[in-house]
Every structure is written in structure tokens, then in C-alpha cells.
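Let the sequences and hints guide you as you build the complete structure.
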Amino acid sequence: MTNHLISIRDLQVHFPIKTMILQRTIGVVRAVDGVSLDIEKGKTLGLVGESGCGKTTIGRAIVRLNDPNGGEIRYEDGEDILSLSGEKLRDMRKNIQIIFQDPYSSLNPRHTVGGMLQEVLTVQMHMDKKQAAERADELLRQVGLSPIYALRYPHEFSGGQRQRVAIARALALEPRFLVCDEAVSALDVSIQSQIINLLMDLKDQYQMTYLFISHALNVVEHISDVVAVMYLGKIVEMAPTEEVFQHPAHPYTRALLSAIPILSGRKKRERIILHGEVPSAANVPPGCRFHTRCPHMDESCRESCPELKEISPGHWAACSKI
Amino acid sequence: MEKLIEVKNLRTYFNTPEGVVRSVDGISFEIGVGETLALVGESGCGKTVTSLSLLRLLPETAEVSADSLDIAGIESIDLTKEQARAMRGKVISMIFQEPMTSLNPVFKIERQLGEVFRLHEPGISKQEVFKRSVDILQRVGVPNPAERLKVYPHQLSGGLRQRVMIAISLASSPKLLIADEPTTALDVTIQAQILDLLKRLQEEMHMSILLITHDFGVVSQIASRVAVMYAGRIVEQGMLEDIFENPLHPYTELLIASIPGIKVTRGGRLQTISGTVPNPLHFPEGCRFAPRCPYARDICSRQEPQEIDIGGRRVSCHLRTEDKGGEQA
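Here the protein sequences line up with chains A and B, keeping their order.
The first sequence: position 263 = 263 (our numbering), numbered continuously.
The second sequence: position 274 = 596 (our numbering), numbered continuously.
Check before you lean on any hint, since a few could be wrong.
[To be verified] Simulated pairs of lysine-lysine, DSS-like, Cα-Cα distance not exceeding 27 Å:
no.	chain 1	residue 1	chain 2	residue 2
1	A	LYS18	B	LYS585
2	A	LYS18	B	LYS430
3	B	LYS585	A	LYS203
4	B	LYS521	B	LYS412
5	B	LYS585	A	LYS43
[To be verified] Label-pair distances were calculated between CB atoms; the ranges are:
no.	chain 1	residue 1	chain 2	residue 2	range
6	B	GLU567	A	ARG90	52 to 60 Å
7	B	THR338	A	LEU151	25 to 33 Å
8	A	ASN69	B	ASN337	53 to 61 Å
9	A	ARG9	B	VAL428	44 to 52 Å
10	A	VAL123	B	GLU607	46 to 54 Å
11	B	GLU324	A	GLU307	56 to 64 Å
To be clear, the hints were calculated from the coordinates, so they are not data collected in a lab.
Please read these numbers as outputs of a predicted model, since none were measured by experiment.
Backbone N, C-alpha and C fix where the C-beta goes; we use that ideal spot for every residue, glycine too.
Structure representation (C-alpha cells):
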């Protein structure tokens, strides 16, 4: 019996590129191309990478917001989430919730916050109206909002408060796993810290497990137990947080970390400035995907795509030079 | 250091149906020649309005006043629209956060970049415009500049678009570049490239930069001096290291402590600032930060703190006034 809440094996999500009128498929975007990872119960996995690397696509695949082309995602070693449908899928969704980056567009502007929460509670949790109203108040309190706010509409809230509402809505189903897709990226720093603290409190109180997707490396370092670095649809490095930040092995991770601004109290890091842009996922370079921008590239990198290998206990990296 | 910009007591108010919004309410700062000043603060604190006031790019409802608004030796507070337009580009130019929305999607890069040369130098030949366009694109690190001139903005990546924006704003060799969140929309590795480019160009062209951002990380990489804004006021300004190592104003202190990875160890509790930013229609009496300040005393909610100078740093806080020996205005 493993201690994994979520196990992903060889996940592939491809999006077809179609022509305008005839809708012929003329190519595929390999957004996620063979990703395997495990998330332990009660832990936070930080998923980092640049835009377009496929991190959000993985998060959405777990909550079944897109249809993967291959692979499997297991919840508590049970059935493959990807094969569920109907009643079973609806039950599974109670366990797995997602919060999005933009709290402005993920809340319905025409429902009061209380109404929104009560709808979830009556439909999904089969509560009656009175119970639902009580539970809604409790949820608001849990995320640090006063229950009087239940009567207000989303536009009456600030960005940080809206993100709290979105978290309350996700918590209404008492999930055990929460996908946080850039959940704090749109917020001001002082508000961002409130939400990070809230997420960490919830983890302590309810043994929540998180997939924390973000491009903000300092936030990921702060909140995660394990960090996975993605590049062009593949994981290039994965290790416990401290290991990744202290001893990054993959050249991409090193460049990414060297781009973190150095603030006071930290020793100066050597800056590695990568040249060029991220290649398009519709036109993935052959061999190692990173070879077009890698400072240590040689001929062999163009030919074969390196697999993840364990370079020290728990530390995985995909580079033929290691 | 020779001063390029000297702003004294700048106020920008907006007349709205609900009342007067005091977006910028009496701020003073200087920018030296070749210096980078970062204006830092959270959304709505007035940092962007400050930069638009310098450029005179505000709507009719705005009222700008100042004791002095000295831009490169010219008193600019009473400039006419035409004079202000002549100043934009030649003296000050600006790059924005989102390079997609600040480039015109229906014109090729060639036309948008060439326009700058034609406007500032009427009668310039076509060949000359093309030559200069290729030149400037090369300087900002756009590969194959001659080909890139023939494409539309949507055909470029985010990083390249921002480079083109920088090329457009530098084409007229301004003395001051205002960079409003120049890297916020970009990926980390691209962000590093752009900041590096700005630093290099600044040295080559001997230009000053006013950097507007909420990101202390970006500030630490490029700025030499920092001014922290809160609710339309500059609460503290000084050298970058001093501000980071030893913030004097409680707001600066809390703001820095709320960023993961600076003062707090991994997994620890982050500092938060209770309450919310005050409504600019009704700022609180006394110090505007007092309702959220953990160190606030009686005097803070009664009297506005005066800006005082502590070893080259300027701070507006009653706690510091008392430290200095009780001098109060």
C-alpha cells in the first residue's frame, strides 16, 4: 500500500491544430507528453515552468477539464480517474477541486456569494436549505471572511477576498485534493501572503494535499514539499524542495533558479541568461527538448531524448550530461 | 549627481461623480542622470498615475498640480498640449506591461517603428528610416531585424514584442524611460533577458529609468534607489540596500516581510498586513497607514506625519519623528 493520493502515469494530452473551414487536422500541440508523477497524502507538490510548458494542462486533466490522449491518473490507488463517467465521476469530483488564477472570472457575477455556496451544498452535499446556509457561514469564517458577506455579490469584493470565496467554494465539497492553478499570482504581495498562509493552515487542519501550479518560484519554494520542473510538456527534474533549490541538476532548472531575483540576505548566485525563446509545443525539437537553449548542448543531445533517472535518492533529472 | 527630473509636491486628482479621487497626493522625488529609481507599491497606490502625470497623458477629468515639475531643465507643469506632445518621445518615453495591447495589431512592425523616426524628423528618406529601424532592432537584440520589420505583432512572441516596444520607445533617444511593469507579463527566463537588456541600454545611452513595479525581485535587479508608495503618498525613499536591509517605515517593513523567500524561512508563516488599502475618495485622518499599522499610536490617527530626512533617507512616520528627538511639524 503506497501513500500516494494521486498517481499519474505516462499522461499525454495533445490538442489538434485544425484548419479554419474544413477542420482538417494539420498538426498536434503536445501540451503534455508522457508525464508521470506521484503526490503523497498531505503533501504539496509544486509544479513550475514557463508559460506553455503544460503545467496547467496537467492540473486540468486531474479534474477532468480536458480529455487526455493517453496515460492514467489514479486516486488513492483506486480506479483510473480518466475512465470514470456519470455518477462515479461526480462523486470523484467531490474529492478533487481546483482554484484558478483569476478570481474575477471564476465566480458568477450574478449570484451572491452565499447563494453560490448554498447551491454547491444542496446539489452536491444533499443538504437542506437551513443546513446549507449554516455551512456556508461556517465556510466563509474558515477562509477568514465574515458571514455577513454571504449576501454580497462578487463585484463587491477585492481580489484577495474573491480568491477566499473561490477557496471557500472549493472547500464546500470537503475535498482531499486541491489543484491551485496560479492561485496567488494575480494578487498583491500583502494579500498573496494572506492566501498562502490560509492554504498552509488548511493543509495542517484537514491534511489537504495540493498540486500547486505556479511560475513564481519563491512562492513555490515556500509552500511545496516536492517540486517538479516542466519544460515543453515533460518533467525535467523532480526532487524535495530543498534539494531542487540547493542542488539543481538539470541545466534548465539551474537557469530558471538563477533568474530568481536575489534579495537581501541571500548570497549572490551566478546568473545564467538563456538565449532564445521557448520552442512551440506544436513543433517540438528532436532529441532533448531543451537542446536549442541549453548552454551545455552537444551532438548527442540532438539525437536522443533523455529519460528521468534517479541521480540521488528522491532526486530525478532528465539530462544525458548528468 | 546631476538631476534630470525634480518633482515637488505633485498632486493628481480626478473629478468623479462620487467626489475627488486623490490618486497622487503630494509626492516629491528626483531622478539623477543615468539613475534608476523604482516606484514600488501595491495596485491602486498611484504609481502609474504618477508616471502618466510626468508624461501628461491623463484624461480631461484629471487635475495635475505641483510646486515644481522640472523635467530636464524645463518647468513642465504649465505645458500646453502641443508642448507636452513634443516632450514625449524626445525627453520621456514609456513602455507598458502588456506589449500585445500597446502595439497596433493591424500594422506591421515596420510602420509602427518607422513612425517614430518620421514624426521626430519630418522629411527623412525611406531608406534612412529602414536603416535606422534595422539598427535599433539589432540593438535591442531582435534576431533577423530586416525580416521582423515585415511581420505583424501577433507573429512575435511575448519577449520579442516587448523588445520591439523598447525599440519604439528608444528610437527617439529619450533622456528618461518610464518602464511600467515591463516584465510582469513575461516568463522568468525572458524577464531576466529583458532586465539585462534595459540595464545594458541604459549604460549605452546614458538614460535614466523610472521603474514602476509591485515586484521587489525586479526592483532588486535593476534599481539603485527605491521609493515606496502607499495611498497616493511616498512613505519612504532611499538607496536599494538600505530599504531592503533596514526599512524605516512600517509599511515597507511589512511589505518586504510578506514576500516568501526574503525574511521568512520555508514553510513559516508569512507576514500579512491586516485590513485593506483605503478608498481614495475617503482617506483616513492622520497617517494613511495608521488603521493597518501594528505600531500605530494616538498621534498617528490625528496628525499627518511630515517627511523627515534620516541619513539620506526620507521617511514619513511619527515613530521616526520621535526617534529623531521629538521634532514635530
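> Going back to the hint list, which numbers does this structure go against?
Replying inline: Those not satisfied come down to hint 1.
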